[in-house]
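Trainee: Its first residue numbered 16, the sequence shown is counted upward by one per residue in this note's numbering.
Treat the hints as calculated values from the structure; they're not laboratory data. Among these hints, one or two may not hold up.
[Unchecked claim] Taking lysine to aspartate or glutamate pairs in the EDC-like style, the calculated list, with each CA pair at most 16 Å apart, reads:
{"#": "1", "residue 1": "Lys82", "residue 2": "Glu51"}
{"#": "2", "residue 1": "Lys49", "residue 2": "Glu81"}
{"#": "3", "residue 1": "Lys46", "residue 2": "Glu90"}
{"#": "4", "residue 1": "Lys46", "residue 2": "Glu81"}
{"#": "5", "residue 1": "Lys49", "residue 2": "Glu90"}
{"#": "6", "residue 1": "Lys104", "residue 2": "Glu60"}
{"#": "7", "residue 1": "Lys106", "residue 2": "Glu39"}
{"#": "8", "residue 1": "Lys82", "residue 2": "Glu50"}
{"#": "9", "residue 1": "Lys82", "residue 2": "Glu60"}
{"#": "10", "residue 1": "Lys53", "residue 2": "Glu90"}
{"#": "11", "residue 1": "Lys106", "residue 2": "Glu60"}
{"#": "12", "residue 1": "Lys55", "residue 2": "Glu90"}
{"#": "13", "residue 1": "Lys33", "residue 2": "Glu81"}
{"#": "14", "residue 1": "Lys101", "residue 2": "Glu60"}
{"#": "15", "residue 1": "Lys93", "residue 2": "Glu60"}
{"#": "16", "residue 1": "Lys58", "residue 2": "Glu81"}
[What the hints assert, rightly or not] Label pairs and their calculated CB-CB ranges:
{"#": "17", "residue 1": "Ala30", "residue 2": "Leu66", "range": "34 to 44 Å"}
{"#": "18", "residue 1": "Phe69", "residue 2": "Ser35", "range": "33 to 43 Å"}
{"#": "19", "residue 1": "Lys49", "residue 2": "Glu75", "range": "25 to 35 Å"}
{"#": "20", "residue 1": "His64", "residue 2": "Ala94", "range": "36 to 46 Å"}
{"#": "21", "residue 1": "Ser35", "residue 2": "Ala94", "range": "37 to 47 Å"}
{"#": "22", "residue 1": "Glu87", "residue 2": "Glu67", "range": "35 to 45 Å"}
{"#": "23", "residue 1": "Glu92", "residue 2": "Leu19", "range": "22 to 32 Å"}
{"#": "24", "residue 1": "Ala31", "residue 2": "Thr77", "range": "45 to 55 Å"}
{"#": "25", "residue 1": "Leu40", "residue 2": "Ala85", "range": "33 to 43 Å"}
{"#": "26", "residue 1": "Ala37", "residue 2": "Glu67", "range": "14 to 24 Å"}
{"#": "27", "residue 1": "Gly18", "residue 2": "Glu92", "range": "45 to 55 Å"}
{"#": "28", "residue 1": "Asp63", "residue 2": "Lys106", "range": "41 to 51 Å"}
{"#": "29", "residue 1": "Phe69", "residue 2": "Asp32", "range": "52 to 62 Å"}
{"#": "30", "residue 1": "Gly18", "residue 2": "Arg84", "range": "55 to 65 Å"}
Cβ atoms here follow ideal geometry from the backbone N, Cα and C, with glycine treated the same way.
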Amino acid sequence: MAGLFEKFGEVAKTAADKTSDAIELARLNSKVAKEEQKIKTLKEEIGDHFLELFKAGALEETFLAEKARAVEECEKEKASYEEMMKGIKTKI
């Protein structure tokens, strides 16, 4: 009988661990989606700004460099979250 309760405890722990992993994956997926949205917005801002400067006959290098760095930072964050997700997915 004690073995049955032990087995039940193991099954419950495994289920809890898998639930925890699924929650973590959902959280990381949400963060990846947010970083993708930031990247999209930054690229749109770069494009809009560049077009306005082009129309005006002037280019502001610092703005473009700042936005490009921000895009790179978002891409690094996104890659970091995706790496975390790979680790969790291999456990499930």
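Trainee: So, for every hint listed, does it hold in this structure?
Mentor: Hint check:
Straight-line distance between C-alpha atoms of Lys82 and Glu51 comes to about 14 Å, which keeps the hinted pair within the 16 Å bound. For the hint pairing Lys49 with Glu81, the CA-to-CA distance comes to about 19 Å; that exceeds 16 Å, so the pair is violated. Taken as a hint, the Lys46 and Glu90 pair is honoured in the structure, with Cα atoms around 12 Å apart against an allowance of 16 Å. Taking the CA atoms of Lys46 and Glu81, the gap is about 22 Å. The hint is violated against a cut of 16 Å.
Annotation: proposed proximity of Lys49 to Glu90 holds, straight-line Cα distance about 11 Å (limit 16 Å). A threshold of 16 Å between alpha carbons decides the hint, and for Lys104 with Glu60 the separation of about 35 Å lies outside it, so the pair is violated. Note on Lys106 and Glu39: the hinted pairing holds, with a Cα-Cα distance of about 12 Å set against a maximum of 16 Å. Simply put, Lys82 and Glu50 have alpha-carbon atoms about 14 Å apart, close enough for the 16 Å limit, and the pair holds.
With a CA separation close to 8 Å, the supplied pair Lys82 and Glu60 stays within the 16 Å bound. For the suggested pair Lys53 and Glu90, the alpha carbons sit about 9 Å apart, so the restraint of at most 16 Å is met. In summary, the hint linking Lys106 to Glu60 is not supported, as the alpha carbons are separated by about 39 Å, beyond the 16 Å threshold. About 11 Å separates the Cα atoms of Lys55 and Glu90, which keeps this hinted pair within 16 Å; it holds.
Proposed proximity of Lys33 and Glu81 is contradicted: the alpha carbons are some 41 Å apart, above 16 Å. Restraint check for Lys101 and Glu60: not satisfied, since their Cα atoms lie roughly 31 Å apart, outside the 16 Å limit. For the hint linking Lys93 to Glu60, the alpha-carbon distance of about 19 Å lies beyond 16 Å, and the restraint is violated. For the given pair, Lys58 sits about 12 Å from Glu81 by alpha-carbon distance, which is consistent with the 16 Å threshold.
In this structure the hint that Ala30 and Leu66 lie 34 to 44 Å apart at CB is violated, the actual value being about 54 Å. Separated by about 51 Å at the C-beta atoms, Phe69 and Ser35 break the suggested range of 33 to 43 Å. Checked against the hint of 25 to 35 Å, the pair Lys49 and Glu75 passes, with Cβ atoms roughly 27 Å apart. Between His64 and Ala94 the beta carbons are some 26 Å apart, a value that contradicts the proposed interval 36 to 46 Å.
One distance hint, 37 to 47 Å for the beta-carbon pair Ser35 and Ala94, is violated here, with the actual separation near 23 Å. For the pair Glu87 and Glu67, the beta carbons lie near 23 Å from each other, so the given range of 35 to 45 Å is not met. Remark: the range hint 22 to 32 Å for Glu92 to Leu19 is contradicted by a beta-carbon distance near 47 Å. Between Ala31 and Thr77 the Cβ separation comes to about 51 Å, which falls inside the hinted range of 45 to 55 Å.
Between Leu40 and Ala85 the C-beta distance comes to about 26 Å, which lies outside the given range of 33 to 43 Å. At about 45 Å, the CB distance of Ala37 to Glu67 disagrees with the hint of 14 to 24 Å. Taking the beta carbon of each, Gly18 and Glu92 are about 47 Å apart, inside 45 to 55 Å as hinted. For Asp63 paired with Lys106, a C-beta distance near 43 Å keeps the hint of 41 to 51 Å intact.
For the hinted restraint 52 to 62 Å between Phe69 and Asp32, the CB-CB distance of approximately 55 Å keeps it satisfied. At about 60 Å, the CB distance of Gly18 to Arg84 agrees with the hint of 55 to 65 Å.
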